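Dock chain B against the given chain A, drawing on the hints supplied.
Listed below are the residues making up each chain.
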Amino acid sequence: MEMTSKERMQIAMDHKEPDRVPYQATFVPEMDKLLRQKYAKEIEGIKGKTTEKYQGMTELDILFGHDMLLLTYGISTGYYRDTLDETYVDEWGIKWKKIPYKTPNGIGYYTEIIEFPLANDDAINSYIPPNPDNEDMSYAEEVIKYYGKEKYICGIIDCSVFEALKYLRGITQSLIDIVANKDLAHKIMDMSVDYHLKLGYKLIERGVDLLWLADDLGGEHKLLMSPETFREMVKPKLGYMIGQLKKKNKNIKVAFHSDGYIEPIIDDLIEVGVDLLNPVQPESMDPAFIKKRYGSRISLWATVSTQKTLPFGTVQDVENEVKERIRTCAPGGGFLIAPTHNIQLDTPFENIEAFYNSIKKYGKYPINL
Amino acid sequence: MSIDEIKKELYNNVLSGDFELTKELAEKAISEGIDPLEAINSYLIPAIELVGEKFGKREYFLPDLMRSANAMKSALNIFENEIHKSGVERKSLGKIVIGTVKGDIHEIGKSIVAALLSAKGFDVTDLGIDVDSDAFINNIIEKNANILAMSALLPITMPYQGVVIEELKKRGLREKVRVMVGGAPVTQEHADKIGADGYADNAVDAVKLAEKLMAK
Numbered sequence: 001m002e003m004t005s006k007e008r009m010q011i012a013m014d015h016k017e018p019d020r021v022p023y024q025a026t027f028v029p030e031m032d033k034l035l036r037q038k039y040a041k042e043i044e045g046i047k048g049k050t051t052e053k054y055q056g057m058t059e060l061d062i063l064f065g066h067d068m069l070l071l072t073y074g075i076s077t078g079y080y081r082d083t084l085d086e087t088y089v090d091e092w093g094i095k096w097k098k099i100p101y102k103t104p105n106g107i108g109y110y111t112e113i114i115e116f117p118l119a120n121d122d123a124i125n126s127y128i129p130p131n132p133d134n135e136d137m138s139y140a141e142e143v144i145k146y147y148g149k150e151k152y153i154c155g156i157i158d159c160s161v162f163e164a165l166k167y168l169r170g171i172t173q174s175l176i177d178i179v180a181n182k183d184l185a186h187k188i189m190d191m192s193v194d195y196h197l198k199l200g201y202k203l204i205e206r207g208v209d210l211l212w213l214a215d216d217l218g219g220e221h222k223l224l225m226s227p228e229t230f231r232e233m234v235k236p237k238l239g240y241m242i243g244q245l246k247k248k249n250k251n252i253k254v255a256f257h258s259d260g261y262i263e264p265i266i267d268d269l270i271e272v273g274v275d276l277l278n279p280v281q282p283e284s285m286d287p288a289f290i291k292k293r294y295g296s297r298i299s300l301w302a303t304v305s306t307q308k309t310l311p312f313g314t315v316q317d318v319e320n321e322v323k324e325r326i327r328t329c330a331p332g333g334g335f336l337i338a339p340t341h342n343i344q345l346d347t348p349f350e351n352i353e354a355f356y357n358s359i360k361k362y363g364k365y366p367i368n369l
Numbered sequence: 001m002s003i004d005e006i007k008k009e010l011y012n013n014v015l016s017g018d019f020e021l022t023k024e025l026a027e028k029a030i031s032e033g034i035d036p037l038e039a040i041n042s043y044l045i046p047a048i049e050l051v052g053e054k055f056g057k058r059e060y061f062l063p064d065l066m067r068s069a070n071a072m073k074s075a076l077n078i079f080e081n082e083i084h085k086s087g088v089e090r091k092s093l094g095k096i097v098i099g100t101v102k103g104d105i106h107e108i109g110k111s112i113v114a115a116l117l118s119a120k121g122f123d124v125t126d127l128g129i130d131v132d133s134d135a136f137i138n139n140i141i142e143k144n145a146n147i148l149a150m151s152a153l154l155p156i157t158m159p160y161q162g163v164v165i166e167e168l169k170k171r172g173l174r175e176k177v178r179v180m181v182g183g184a185p186v187t188q189e190h191a192d193k194i195g196a197d198g199y200a201d202n203a204v205d206a207v208k209l210a211e212k213l214m215a216k
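So the sequence lines, in the order shown, correspond to chains A and B.
Here the first sequence stands for residues 1 to 369, where the numbers follow the numbering used here.
Here the second sequence stands for residues 1 to 216, where the numbers follow the numbering used here.
Only chain A is shown next, with the shape it has when bound in the complex:
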């Protein structure tokens, strides 16, 4: 009998080799819509998402055979909202603006924050954060009820530490705060940690296998803050969160995302209990080197370039990159192959197909490439 996705992921997360390399992908909302139109017949009858607020799993996850399904919760859900308005305010009081861009596949939107609710130093004194009890858990319950036995389920409670400070104070101010305004920075980050920790407990109770934290700490080739600042201001909070989550359920795994170059703090992430590192952006760090150096202690997730290869490469480029990642990162397990970010709207359909086809072609264990 074929292994289920859940078994496959569990084996891979234990740094062992399952039947094949597990994979997964996500899409920007506009690409998600295009693909759902393109495959309208194929996805008919597949149980997918029921609410537009969350960007988690869709019918496409099932159609494409993704081994892991995502449930998106918390502060980062403000980034995309299904609204026709140009601007909107989320439950945290953060005002977002949609910024359009043109691609051969149509117009897409990124969002930018244009009003930060805690920009003034005094604002925190009268600020009432949202209540985690207001998050709609029925979405997680439904997905887990339908797919929880077969699929590996990832609950997203990301952007909860430094990223939350950025969202609430502004990027410029948050970078100043963590070195020159530390008390306030702690207060705001702790508030967000409490919120997302409660959300994490709720997701654990519903039966997720993995919780995904994130804080963008890397620039393309350099950390955004010094390793010392990270260790003083951010790491203890990550450690606290992960410790509490694993105390709640010792089998829970934790993933951590940061774009860009973060090599100087990978040992710190391992130390505080991160099991899975995303996305190991190949423009910033060599996945093969990261695998060699850290791969026995942390699993890797993603590594396939959404910045260059998927949108701008040829079908052959995509195949070459997938093959190379499998060759260098898959042996011994501990590898979930995926694009390094949402697949972007300007990605040719052939390249998306090539991504999946190449995984099928090269991803069978044992790897002999």
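Everything labelled a hint here was simulated from the structure, so no lab data went into it.
This one's a predicted model, so the numbers in the text were calculated from it and none came from an experiment.
Each residue gets a CB set at the ideal place from its N, CA and C atoms; glycine is no exception.
Check the hints yourself; a few may be wrong.
What the hints assert, rightly or not - Reference listing, derived: stretches of chain B covered by chain A, where coverage requires no fewer than 3 residues with Cβ under 8 Å from a Cβ of chain A:
(1) 51-62
(2) 189-203
What the hints assert, rightly or not - Taking CB as the label site, the calculated pair distances span:
(3) A:Lys308 <-> B:Ser86: 53 to 59 Å
(4) A:Asp190 <-> B:Lys193: 46 to 52 Å
(5) B:Ser31 <-> A:Lys247: 54 to 60 Å
(6) A:Lys182 <-> B:Glu142: 37 to 43 Å
(7) B:Ala184 <-> A:Ile107: 22 to 28 Å
(8) A:Lys182 <-> B:Lys85: 43 to 49 Å
Just chain B now, with coordinates in the frame of chain A:
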């Protein structure tokens, strides 16, 4: 605190980025009769240049750089006011209008460049973020600027740097102002393509570029 100690501490606190202390020291320097121009040239500028160097060598990171720039600005304001009060003007290296282009709200890089330029002695008008062509051009005319500096942090806003240059040409102003561009996705190739006079990869090089453009 002796005069020598004040000078040394001024330098050290820009390096460590202590805003309050740097401000206090600048005030103390004035009351002790330290020449404000000398304070700027001999302590503030060398300190902020070292900060830039350390940033390049990955000893300093963005928060450290921003903190130092803020501390330096606090002292610079005090010294410049003092120079102004004495009836002398600090010799301006040139007038620069700077901003992040329309549709783009990224401010950090642009603000650091602006801070370093004004420390060096340029007369800087910072128009902030999301600046459209009219605002750039009106300010160039009003200030009689020598240099226009434009930042863009997104591939989708980068082309707007070229739009502004085209608009300068249309209004017959292109020959009157040097144009420099920067921002993470911006390259020398892009700068050449849109007809800019220069591109710099980081804030320290941006200051050098501005000096070079003024010498032309």
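Structure-based check of each hint:
1. 51-62: holds (count 4)
2. 189-203: violated (count 0)
3. A:Lys308 <-> B:Ser86: 53 to 59 Å: Holds, since Lys308 of chain A and Ser86 of chain B (Cβ atoms, about 56 Å apart) stay within the stated range.
4. A:Asp190 <-> B:Lys193: 46 to 52 Å: With a Cβ separation near 48 Å, Asp190 of chain A and Lys193 of chain B satisfy 46 to 52 Å, so the hint holds.
5. B:Ser31 <-> A:Lys247: 54 to 60 Å: Given about 58 Å between the Cβ atoms, the range holds.
6. A:Lys182 <-> B:Glu142: 37 to 43 Å: Check passed, 41 Å falls within 37 to 43 Å.
7. B:Ala184 <-> A:Ile107: 22 to 28 Å: 23 Å, holds
8. A:Lys182 <-> B:Lys85: 43 to 49 Å: 36 Å, violated
Taken one by one, the earlier hints fail for this structure at numbers 2, 8, listed in ascending order.
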